[in-house]
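Residue numbers (the UniProt record's numbering), protein chains in the order written: chain A, 1 to 250; chain B, 1 to 250; chain C, 1 to 518; chain D, 1 to 518.
Just so you know, not all the hints are guaranteed correct.
Unchecked claim - Restricting the straight-line Cα-Cα distance to at most 30 Å, the calculated cross-link-like pairs of lysine-lysine (DSS-like) are:
1) B:Lys-141 to C:Lys-487
2) A:Lys-52 to B:Lys-97
3) A:Lys-28 to B:Lys-183
4) A:Lys-52 to B:Lys-52
5) B:Lys-75 to B:Lys-97
6) A:Lys-75 to A:Lys-89
7) B:Lys-28 to A:Lys-183
8) B:Lys-28 to A:Lys-28
9) A:Lys-40 to B:Lys-52
10) B:Lys-52 to A:Lys-75
11) B:Lys-52 to A:Lys-28
12) A:Lys-97 to A:Lys-126
13) A:Lys-126 to B:Lys-52
14) A:Lys-28 to B:Lys-75
15) A:Lys-89 to A:Lys-28
Just so you know, the hints here were simulated from the structure itself, not pulled from any lab data.
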Amino acid sequence: MSIIRPYGDTTGDGMVQMSFTLPIPHDKRAEGAAVQLANKMGMDPALVVHAKPMGPDFTFFVVYGPVNHLVDTSKVEVVERDYPLLSPKEANLAIRKHLRRRLTVVGACIGTDAHTVGIDAIMNIKGFAGEKGLEYYRELKVVNLGAQVAVPELVRRAKAEKADAILVSQVVTQREAHVLNTKEMSAAFREAYAEDHRPVLVAGGPRFTEQMAGELGVDRVFGRGTTPGEVASYLVNALVTRRQPVRRSA
Amino acid sequence: MSIIRPYGDTTGDGMVQMSFTLPIPHDKRAEGAAVQLANKMGMDPALVVHAKPMGPDFTFFVVYGPVNHLVDTSKVEVVERDYPLLSPKEANLAIRKHLRRRLTVVGACIGTDAHTVGIDAIMNIKGFAGEKGLEYYRELKVVNLGAQVAVPELVRRAKAEKADAILVSQVVTQREAHVLNTKEMSAAFREAYAEDHRPVLVAGGPRFTEQMAGELGVDRVFGRGTTPGEVASYLVNALVTRRQPVRRSA
Amino acid sequence: MKKLDLDPVTVRKARTLARKAGRPIVNLARRHTTVSVERAVLRLAGLAGADSEGIPWVNRLADTVRADVGLEHGFALPVWDALLRGEAEDLGVLAQKAASGSVTFRLPEGRDAQRARTAARKAAAAGIKRIDGRRRERERLIKRHGDPEQRPWIYLIVATGDIYEDIPQAQAAAREGADIIAVIRSTGQSLLDYVPEGATREGFAGTYATQENFRLMRAALDESSRELGRYVRLTNYASGLCMPEIATLAGLERLDMMLNDSMYGILFRDINPIRTFVDQRFSRQIHARAGIIINTGEDNYLTTADAVEAAHTVTVSQLLNEYFAKEAGLEDWQLGLGHAFEINPDLPDSFRLELAHAMLARQLFPEAPLKWMPPTRHMTGDVFRGYLLDGFFNLVGAMTGQGILLVGMMTEAVVTPWISDRDLALQNVRYVLGAAGNLHEDFRPEPNGFIAQRARQVLGESVELLEQIVDDGLLNAIGDGTFGLMKRPQDAGRGLEGVARKSGEYYNPAIELLEEDR
Amino acid sequence: MKKLDLDPVTVRKARTLARKAGRPIVNLARRHTTVSVERAVLRLAGLAGADSEGIPWVNRLADTVRADVGLEHGFALPVWDALLRGEAEDLGVLAQKAASGSVTFRLPEGRDAQRARTAARKAAAAGIKRIDGRRRERERLIKRHGDPEQRPWIYLIVATGDIYEDIPQAQAAAREGADIIAVIRSTGQSLLDYVPEGATREGFAGTYATQENFRLMRAALDESSRELGRYVRLTNYASGLCMPEIATLAGLERLDMMLNDSMYGILFRDINPIRTFVDQRFSRQIHARAGIIINTGEDNYLTTADAVEAAHTVTVSQLLNEYFAKEAGLEDWQLGLGHAFEINPDLPDSFRLELAHAMLARQLFPEAPLKWMPPTRHMTGDVFRGYLLDGFFNLVGAMTGQGILLVGMMTEAVVTPWISDRDLALQNVRYVLGAAGNLHEDFRPEPNGFIAQRARQVLGESVELLEQIVDDGLLNAIGDGTFGLMKRPQDAGRGLEGVARKSGEYYNPAIELLEEDR
Ligand code: B12
Ligand code: B12
Ligand SMILES: Cc1ncc(COP(=O)(O)O)c(C=O)c1O
Ligand SMILES: Cc1ncc(COP(=O)(O)O)c(C=O)c1O
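All chains should be built: construct the whole structure from the sequences, respecting the hints.
Next comes the structure, spelled out in structure tokens:
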């Protein structure tokens with residue numbers, strides 16, 4: 001069945017919890033305003049189960065109730081994994097067999113973002129969630145530029161290293177920092193390279209969703225909980241297995 | 001300004017937190033379904049910041065993001081307090097002056113509901129939130145029938161006591177128990193009494209909202225956090241001050 | 001874990017006083033019977049099912065018998081006399097005939113009475129044998145699947161009102177770590193003077209306790225036990241007007257624990273005190289036989305009385321529950337005595353007061369699997385705060401070696417638990433037990449510090465209260481609002497009409513069997 | 001509160017080793033200067049403001065001076081020489097002229113040098129006098145409004161990026177109970193080699209540290225202090241490439257605490273080690289003078305290294321921070337040494353391990369107002385779980401007598417804190433401190449139990465690591481990834497170009513004044 005509703009306590013009850021702050025003092029009207037918002041969100045009846053004044057100007061609410069929306073799982077857009085998951089061995093083999101050289105991957109945390117733990121989890125040999133990172137792959141040459149790398153510097157290093165793929169990480173998202181920086185990066189690469197020579201552009205970070213690739217101008221996006229094996233498999237597919245016929249005919 | 005939005009971190013950011021369960025196993029599609037629901041609720045972008053499988057059939061989500069709805073506080077419906085708040089002294093005086101007899105209030109927790117703490121908080125002398133309960137008012141005769149009182153029994157006692165007002169409490173709300181029981185009660189009283197002799201009907205409980213009076217068929221509804229003084233003031237206003245001219249002319 | 005330096009003389013004194021206070025009640029219970037005790041005998045003898053209106057055959061039969069010969073002799077003599085007289089080939093048919101008015105009952109005398117007694121005893125014994133079988137079955141399954149690895153055992157509630165929603169939720173909860181599943185009852189069931197029949201889907205804030213629901217859930221949890229390699233226990237409520245019958249059905253369907261408090265029905269359901277004490281003694285005899293752990297209900301007092309002021313009433317009730325339980329044949333390991341984390345969290349040092357109370361209980365009843373109940377009264381719609389309070393509740397549970405941990409729900413003040421509430425709640429328990437479960441090793445309150453003094457104070461107040469109760473009589477104390485601030489006089493309350501003083505001819509084969517085997 | 005039986009010989013040894021490891025770094029710092037140290041002198045002397053592009057006049061002036069005479073002599077001599085030569089009537093005009101290229105600097109000699117020194121010293125002394133005035137002002141206000149009633153002091157972060165959103169949020173937080181407000185800086189500020197000017201509204205995940213922002217927020221919190229009858233402290237960050245200047249501005253604007261770690265910039269901003277140590281020594285001398293409490297950053301290591309494996313690196317860093325701080329003139333009460341609740345919560349006994357680490361820190365630095373940092377790394381989008389973890393973090397804080405409690409946010413893994421997050425977080429703190437704040441009285445780990453052993457183990461490993469560092473040199477240890485797993489060689493990293501070895505002519509009136517008054 002593709003039509004579902006949230007489940008609190010019984011099938012189809014549609015129950016949802018929410019909390020938010022309204023910038024108004026706490027009184028009856030504020031509680032009514034909270035109900036109005038919840039109603040607009042499709043929750044009816046909306047039960048304001050908690051309302052707390054936070055100073056004279058703000059009120060915090062906890063609201064429970066059923067929402068009337070139906071979720072159609074057949075209409076859910078997901079970016080399906082369109083490449084096979086490879087073990088490090090298989091990935092190495094595919095590169096060796098089809099490419100006959102090592103694949104060069106340049107990674108960085110761009111802009112003013114200094115959160116390297118995520119990209120390190122993907123790139124460093126230590127890896128993540130029990131999987132070894134890209135450095136563990138013999139057929140990958142991994143260049144990790146670290147934190148707070150300016151986009152021009154990244155392009156320069158990409159050229160110098162003859163990068164096949166660029167991995168950028170963005171963790172800070174306040175005021176859409178991650179989106180702005182990543183767009184700046186992809187634009188710079190499109191400018192610096194002819195499209196068919198451009199390295200594969202990959203962006204990652206906990207608040208990206210895979211659907212954003214188009215908007216960001218990158219080839220692929222990885223979100224929360226990505227493992228190195230997924231990234232390696234994607235790269236092999238994008239740069240080796242899938243491109244192979246194209247390169248041959250070229 | 002009457003148009004406001006939820007406030008997370010900056011004015012107008014519209015930020016809301018929610019959590020819910022979908023009755024589907026955890027995978028990419030489920031996360032997409034969570035986003036779909038949040039989008040339908042007006043949250044865009046919807047950030048699924050937590051998704052946890054609960055057994056093979058359910059997934060729990062925490063979602064954050066901005067909602068695009070505006071709250072118009074000028075359109076909020078509130079039941080304004082249309083009676084003055086009286087001290088016990090003032091209430092007693094009003095009754096003595098205008099009615100020249102004690103006012104009889106019969107209270108009960110009806111149906112199978114056994115939660116008496118709430119109605120006791122209103123009726124017992126001990127009171128609530130620092131205010132004395134109705135029993136403290138010399139001019140009120142208070143009959144508290146306690147828990148799990150069947151509606152026919154309540155009507156019988158109301159007649160026997162010549163009740164001026166009936167206070168019923170409903171705390172259990174699962175499957176709309178509170179609504180069903182209260183409607184049954186108000187219907188029974190309307191049947192048992194001529195409209196102009198019917199006692200004032202008051203319903204109370206933590207999950208009622210004041211707007212529900214019409215639907216429930218009662219004269220007034222009191223919700224979460226009600227204090228005895230509010231109830232006494234309402235009763236005096238409804239039965240003494242306001243009715244006074246009517247009675248006189250009748 | 002003897003961390004409080006309690007005076008053993010005071011402790012002994014408290015127990016002696018509890019016995020003194022309880023003994024007159026036991027005598028009273030022995031002198032009376034109730035309709036539900038008598039119906040329980042019929043259930044033991046195998047009478048089940050209901051008429052087309054849903055009224056159980058045991059009630060149909062019982063009502064007729066009572067109309068014909070009264071309640072005071074018990075139902076065994078008139079019923080088996082009728083069967084011996086050939087009025088019907090079995091109890092089922094007899095009940096149908098009774099309902100249609102085609103049979104009249106009498107109190108047999110002399111040889112007839114003797115034969116009726118023998119037949120009744122044989123029929124009741126068959127039921128008790130089934131209960132014994134169930135107990136052995138449980139022991140076998142525990143041996144096979146194992147007991148939970150940790151103490152406290154994790155106790156979770158399901159309460160959808162629909163047994164077919166309850167089952168998947170219970171199984172999900174077990175999978176997430178619940179050791180015990182309690183199926184909460186529909187509001188109002190406790191006031192029904194019959195036990196509903198069949199699988200039910202229409203409870204309010206709980207699911208009806210019926211034999212079929214018991215069976216379905218136990219079977220589902222047997223499945224879960226197999227899946228999880230850990231015996232998952234099932235709990236229900238032996239309380240309300242049908243307490244003895246429900247206890248019997250629990251024994252027959254291998255429930256593992258039952259809520260069964262000596263005063264809960266009196267205080268919180270306004271059930272007549274005598275009715276309650278009679279019913280309760282019988283149900284505890286059944287539980288004792290069935291190897292069922294009882295859960296007492298002291299937590300409830302603290303929802304109407306203040307948890308600090310009334311702390312000693314909890315202790316007194318625990319001591320009374322212990323006395324009544326042992327008198328009915330229950331052993332220490334079956335005494336899930338209740339207490340709760342209900343102190344106003346805004347009170348300074350509230351956590352340390354909770355620790356003091358919990359340690360006192362732990363030390364007074366070292367062999368009992370105490371049941372530690374979460375905050376409910378001071379839970380609000382602020383679910384974040386609620387989740388935190390539950391964490392500190394869990395911490396007290398871990399630090400004081402409680403036996404059974406009823407898992408608190410962050411939505412306590414909002415709804416009956418959602419599936420996600422249980423999941424989050426279990427995660428809370430797991431964190432606390434895993435991260436801080438051994439903290440008790442590092443925790444030793446000053447011999448004369450805040451905690452020790454508070455515990456001694458509560459114990460002292462308990463002794464004083466028990467002394468008063470011994471002087472006044474427990475029934476008067478209950479009538480005065482000593483427990484949970486509820487005043488319940490002995491001559492009022494629901495179900496009084498279902499109580500009778502036993503006659504000289506009274507015969508009850510179940511009680512006879514339950515008492516002689518001890 | 002001496003609960004761990006630590007061997008005093010080992011403790012003394014650890015301190016001696018820290019001194020041995022730190023001394024060469026102090027000598028290195030004494031031998032070098034940096035652009036920011038020199039610009040700080042100009043700021044002390046009153047140079048402020050920026051050109052039309054937002055580049056501060058201190059940078060304009062400094063760049064020209066450096067181009068003309070180099071950095072190695074310091075800027076005081078060439079600058080005051082130019083003023084004495086009549087190139088401009090004051091520093092502001094001089095900077096403008098320098099920017100337009102209409103003035104050339106030289107290194108004065110002999111009498112000229114002597115006069116320049118005297119003038120520079122007078123100008124710098126005026127700045128230090130203002131700082132002294134601010135310190136007295138703080139002392140007066142504390143006397144008037146009072147200090148927080150409880151320990152730990154409650155430390156809250158605001159981080160909207162917009163000073164005009166920060167202010168109401170900070171005031172709201174103070175009203176709800178915050179004793180200290182920290183305004184987080186925009187990402188990237190630490191790598192700017194200048195301090196932005198004016199009130200700013202466009203930070204990312206934090207608000208720029210500017211003199212005007214400092215002033216605005218301090219004024220707002222003075223208002224709150226009056227309203228609340230409790231002096232509310234303000235914190236910012238003396239770190240990054242402009243650490244000495246920011247420290248100076250903090251002193252001038254009466255900030256009360258500053259994040260200032262001896263290695264944070266090196267490890268987490270890839271700033272050159274020598275640059276960092278030079279800047280840091282100067283900023284600490286300023287903080288010492290200004291009566292500012294520093295907050296060190298050991299918590300950061302545990303976001304990249306494992307909190308159990310690397311526990312001893314925290315202790316080592318605390319000991320080094322202590323040595324460097326005291327060498328720079330800070331007193332014990334000014335040492336907000338950092339540590340954090342960052343152990344994986346799924347690890348068995350994680351809470352007890354946290355207790356052990358926190359007690360160790362407490363006991364090693366009995367007079368320092370330790371800063372206890374909340375879980376961040378193991379926080380997830382499960383905000384309920386996060387709220388619980390923060391509660392247990394608060395409990396460790398309360399049980400181990402921490403001085404400063406940085407309040408954890410349930411949305412740590414999601415967003416910079418929302419207004420409601422802070423409110424809920426404070427409620428969490430209040431509950432824990434109120435309900436269990438005195439639990440330490442009842443808490444006495446076994447002399448040879450789990451906690452004591454763990455603390456001894458960490459101390460032992462710290463001594464071993466310090467021995468290695470003494471052998472290898474601290475700079476090599478940092479280069480090898482000893483702290484936070486970050487490898488930072490001494491000859492790389494940002495800002496190296498802004499470092500110079502002092503010449504024989506080097507003169508810095510600020511350092512002279514700061515060192516002679518001690
Ligand atoms: C560790 C940490 C730090 C460390 C970073 C150390 C380091 N070397 O990385 C330190 C202490 C230095 C730090 C500092 C700051 N931090 Co910080 N930090 C965190 C923290 C606690 C954990 C992040 C982390 O390591 N996660 C673990 C990794 C493994 O997960 P991940 O990054 O999501 O990566 C996974 C995927 O996303 C994906 N992925 C990520 N990148 C990439 C790239 C590619 C190519 C691919 C394929 C996949 C991929 O794969 C990874 C593995 O699955 C978070 C809070 C939290 N619990 O999430 C805050 C957090 C990220 N920090 C935050 C902030 C604001 C800061 C500061 C800016 C605060 C300030 N103003 O001073 C500073 C400055 C940093 C800067 N300039 O960027 C905010 C960001 C808010 C927002 N949403 O905008 C957070 C969310 C905390 C908060 N709630 O305020 N921080
Ligand atoms: C105390 C309590 C009990 C006690 C009741 C003791 C007693 N004598 O009342 C005991 C332990 C007996 C109990 C039992 C059960 N309880 Co109960 N109980 C609670 C608890 C913890 C507190 C309720 C309370 O006392 N609130 C304090 C009073 C002062 O607040 P109040 O009722 O809202 O009243 C105020 C206003 O609403 C208003 N008001 C209320 N009534 C009226 C009437 C009038 C006329 C007016 C003017 C105003 C007014 O004024 C009051 C003062 O401001 C709540 C959880 C919670 N924290 O809220 C669960 C709760 C109400 N119980 C619940 C349930 C399900 C049960 C049981 C049915 C469980 C079971 N199946 O066994 C049983 C059976 C009870 C039954 N048959 O009804 C659910 C209800 C779920 C739902 N929304 O449907 C709750 C919410 C817990 C939960 N999450 O599961 N319970
Ligand atoms: C001891 C005891 N019995 C019974 C119940 C359940 O109430 P009822 O019997 O009304 O279903 C409770 C409720 O928690 C209880 O604590
Ligand atoms: C000691 C220390 N300094 C500085 C910072 C802030 O980083 P930045 O200097 O990049 O603003 C932190 C972050 O928490 C810190 O702990």
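Now the hints, each set against the structure:
Between the alpha carbons of Lys-141 (chain B) and Lys-487 (chain C) the distance comes to roughly 20 Å, so the proposed pair stays at or under 30 Å and holds. Only pairs whose Cα atoms come within 30 Å are accepted, and Lys-52 (chain A) paired with Lys-97 (chain B) is rejected, the gap being roughly 40 Å. A C-alpha spacing of about 25 Å is found between Lys-28 (chain A) and Lys-183 (chain B), which places the hinted pair at or below 30 Å, so the restraint holds. In summary, the hint linking Lys-52 (chain A) to Lys-52 (chain B) is supported, as the alpha carbons are separated by about 29 Å, within the 30 Å threshold.
At roughly 40 Å between alpha-carbon atoms, Lys-75 (chain B) and Lys-97 (chain B) are farther apart than 30 Å, so this suggested pair is violated. Under the criterion of a C-alpha separation no larger than 30 Å, the hint pairing Lys-75 (chain A) with Lys-89 (chain A) is inconsistent with the structure, at around 37 Å. With a C-alpha separation of about 25 Å, the suggested pairing of Lys-28 (chain B) with Lys-183 (chain A) holds against the 30 Å cut-off. The straight-line distance between the Cα atoms of Lys-28 (chain B) and Lys-28 (chain A) is roughly 41 Å, outside the 30 Å bound, and the hint therefore fails.
Of the supplied pair hints, the one linking Lys-40 (chain A) and Lys-52 (chain B) holds, its CA atoms being roughly 27 Å apart against a limit of 30 Å. Our distance criterion of 30 Å between C-alpha atoms is met by Lys-52 (chain B) and Lys-75 (chain A), whose separation comes to about 22 Å. A threshold of 30 Å between alpha carbons decides the hint, and for Lys-52 (chain B) with Lys-28 (chain A) the separation of about 36 Å lies outside it, so the pair is violated. For the hint pairing Lys-97 (chain A) with Lys-126 (chain A), the CA-to-CA distance comes to about 26 Å; that is within 30 Å, so the pair holds.
Restraint check for Lys-126 (chain A) and Lys-52 (chain B): satisfied, since their Cα atoms lie roughly 26 Å apart, inside the 30 Å limit. Of the pairs offered as hints, the one joining Lys-28 (chain A) and Lys-75 (chain B) holds, with about 13 Å between alpha carbons and a cut-off of 30 Å not exceeded. The straight-line distance between the Cα atoms of Lys-89 (chain A) and Lys-28 (chain A) is roughly 65 Å, outside the 30 Å bound, and the hint therefore fails.
Hint violations for this structure: numbers 2, 5, 6, 8, 11, 15, all remaining hints satisfied.
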